[in-house]
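**Student:** Go by the hints and put chain C onto chain L.
Going line by line, the protein sequences match chains L and C. Start counting the first sequence at 1; every next residue gets the next number (UniProt numbering). Start counting the second sequence at 1; every next residue gets the next number (UniProt numbering).
Everything labelled a hint here was simulated from the structure, so no lab data went into it. Keep in mind the model is a prediction, meaning the values are calculated, not measured. Check the hints yourself; a few may be wrong.
What the hints assert, rightly or not - Take a look, some chain L residues computed to stay more than 12 Å from chain C by CB distance: (1) D3; (2) R24; (3) S337.
Unchecked claim - Heads up, simulated PhoX-like pairs for lysine-lysine below, C-alpha to C-alpha not over 20 Å straight-line: (4) C:K150 to L:K150; (5) L:K418 to L:K430; (6) L:K376 to L:K386; (7) C:K386 to L:K430; (8) C:K418 to C:K386.
C-beta atoms are modelled at their ideal positions from N, C-alpha and C, and glycine is treated no differently.
2 protein chains.
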Amino acid sequence: MRDLKRKFGDRFIDDPAFLSLYSREASFEEASAKPLGVVFPTSEEEVLWLVRWAYETETPIFSQGSATSLSGNTVVTRPGIVVSFERMNKIVEVNPTDSYAVVQPGLRLEELNVELSRYGVFFPVDPGSVRSATVGGAIANGAGGMRGAKYGTMRDWVLGLRAVTGRGDLLEMGCRTLKCRNGYDLVRLFVGSEGTLGLVTEAVLRIAPMPESAAAVLAYYDSLETLVEDVVRVRSARIWPLFAEFLGPAESKEVGLEERYTLFLGVDVNRGAERDMLGRLRGIVRGAVAEEAVGLDRSMELLEPRRKLFSAQVALMQRQLGSEGLLIIEDIVVPVSKLPEAVRRVVELANRMEIPLSLGGHVGDGNLHPTTWFRKGDLEGARRAKAFIEGIGKIAIGLGGSVSAEHGIGTLKRDLLKMELTPTAIEYMKALKSVFDPKGILNPGKIL
Amino acid sequence: MRDLKRKFGDRFIDDPAFLSLYSREASFEEASAKPLGVVFPTSEEEVLWLVRWAYETETPIFSQGSATSLSGNTVVTRPGIVVSFERMNKIVEVNPTDSYAVVQPGLRLEELNVELSRYGVFFPVDPGSVRSATVGGAIANGAGGMRGAKYGTMRDWVLGLRAVTGRGDLLEMGCRTLKCRNGYDLVRLFVGSEGTLGLVTEAVLRIAPMPESAAAVLAYYDSLETLVEDVVRVRSARIWPLFAEFLGPAESKEVGLEERYTLFLGVDVNRGAERDMLGRLRGIVRGAVAEEAVGLDRSMELLEPRRKLFSAQVALMQRQLGSEGLLIIEDIVVPVSKLPEAVRRVVELANRMEIPLSLGGHVGDGNLHPTTWFRKGDLEGARRAKAFIEGIGKIAIGLGGSVSAEHGIGTLKRDLLKMELTPTAIEYMKALKSVFDPKGILNPGKIL
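Excised from the complex, chain L in its bound form:
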């Protein structure tokens, strides 16, 4: 540790009270070990030095953005060093002409978009935690979000990376152009690798022109089937929504809406085509249209109640458990047409297990976020929550889906991942991990 103190000065901290702040994340997965210290690098050179030191000393490294991950992706599993990218948060270059921005990993997605909005462009990946999530964390976790139905996830928006691998090598990957075919696609291997292959020190992100305008509706449904069917009908009409989100009845009520299923449906349109689009949506949507919006800003505002899902769930939980509750926001994905069946099975499972359930998600890409909670320290509650997570993971697999859409595997879903993938796929992933991190020092205990 003396080496670290000498190198990083007051940017190395080993005060135990402070350390506890950096050993946990937004999920209920708890650290299974105490970190030895937290380091705040300010340059790529420092990251290189640190990983080489860790490689020599075989010290585990846990890289961290803002720790909003929900699957144990950042929790400390062994005595090691937490690397916080808080101080590497600069925007290096914004190039709207060439559709890219170069940024450091600690930059918050929202800060990036504030800067980009000056140029009429934006970065479309929009996770629920967008206000605090960092670029590096979003890359590590392959983040998605509210605009995923139209714009996809991080893998679609990272053009190039600089990263330090677990061998202490600086790896330059990808390019600054929208297309490049320069050997194997290392960039997308890093996206979603949860800090297990390398530490990203700089990213080239693709940026997009802001939609010209939009139209949106908020509609109530008594049946989730009809709601999902309507989203499919919209797409059949050759309309590709910008967002298609839903809330369950209890959640809708909690955010100030009617106690029914709520659909939030937004479509980007050409300037001047808003009214026509609204008319068409009214013709397709069979739910009770309660609100309409015209223009991009107004359409995005209409989505605000949906963004309150997290606070609503906290409120629902607190009403039952006071401040003693632990919230578990889960993440599965199924083909869109299987969404009603998935919801039926998830509800049935929660009822059978007698655990609380709150529902919301992204209809446009089949991504469901079943949420439950239990009292802190309630071991039986924790056990049942884990069993529930396993159960809904199996439901997703059974319906041709996946155990995670955008939260990743972390410590929480390693067993589920083994159920979804073949043993062969797992073997190849382990071999890839060994290429980048032969000593297993990077975020050990995650994914595999």
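**Tutor:** The following block gives chain C in isolation, referenced to the frame of chain L:
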């Protein structure tokens, strides 16, 4: 070979006259060895058997779609077996509701789109060779094309894969949903791997709703700078073109247009917004607008002269060399803003080297296809062509671009790849190759 005959019957062919048809491709890269035979598998089981046989006997395998590749990606470099996927060309499933199609690798992209058009959906990747290019070839080469500025390349449109690795393992990768986070992203490692990591036996492709409508203009310019600037101006006006293509003066003339730089600019719009968009494009575009189109079909038709670039180049070449010419269609990419400078330097290089040059490309994503030719058997011509390819690759690197945008590395650009990438990146790529193909039997001599 007796094993192969027994297993594949008349779907194993070793007649030398026939073999020569399967040992070359659309590029001028020549086979440096004769294949031992061609195999036409009809099932995944047969592909598995074949690769396991090749692994045991250490026999090289060269997989092939329709051999339209342009960088030596499919040429035979050692005595080995060519695997043609011609007979694995089925559409397994089209699921417009869930936005995917499951297909076999030998299916032609155009056939896929004919089928998809019945459902009002399409597969957006649209390489120049779309009429003959296969799904498997497009995956292997990470194909792009005319709609790349809006829709990206193959890496953005492959959701899941089944493939047989060089160890003879069946690997299932990815998912059927628009998002999934199930471990490392093996799918995109395979996209663009040019048959060096495994043989794809089935692909799950993402499909998109067809644009509702479109508007397009064809405009002439005396200066390429102004043409490129106008595309940038269009994007600054928050218009994200569906296509933005150009032809050089000689090529424009050859396809029946004026002898000036031609811009083909199409924008997808909402139904009813076509006229307004045309008006806006007219306001932005400073070139001489010679043609306008309204509606998706008409807008795509306006692009037809651009699609004739290949035949135009063949005609230009034949006028100089008769039927003795060899055409070399090159592929570099630079940031869009650097396109005029790239063209200036490429033209200057061709003039200095006194070699013919024809120019066209994708303005929307900075992808240039400089084309040259020489007489078959003219060793000095071939040498100069190779020097030219190296020269324009260096120009691309010097302007912050890449030595290939969508044609890949193959045998042709291995040295250039080493100039673009760091030695560290090359080392990691070699290590990845070893994971999937430790004996080096899959498409040897390519990429690395």
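**Student:** For every hint, state whether the structure bears it out.
**Tutor:** Hint check:
1. D3: Correct as stated: the minimum Cβ-Cβ distance to chain C is 24 Å, above 12 Å.
2. R24: Label holds. Min Cβ-Cβ 21 Å, cutoff 12 Å.
3. S337: 5 Å, violated
4. C:K150 to L:K150: 12 Å, holds
5. L:K418 to L:K430: Holds, at roughly 12 Å.
6. L:K376 to L:K386: Within the cut-off at roughly 14 Å; holds.
7. C:K386 to L:K430: 40 Å, violated
8. C:K418 to C:K386: Within the cut-off at roughly 16 Å; holds.
When each numbered hint is compared with the structure, violations occur for hints 3, 7.
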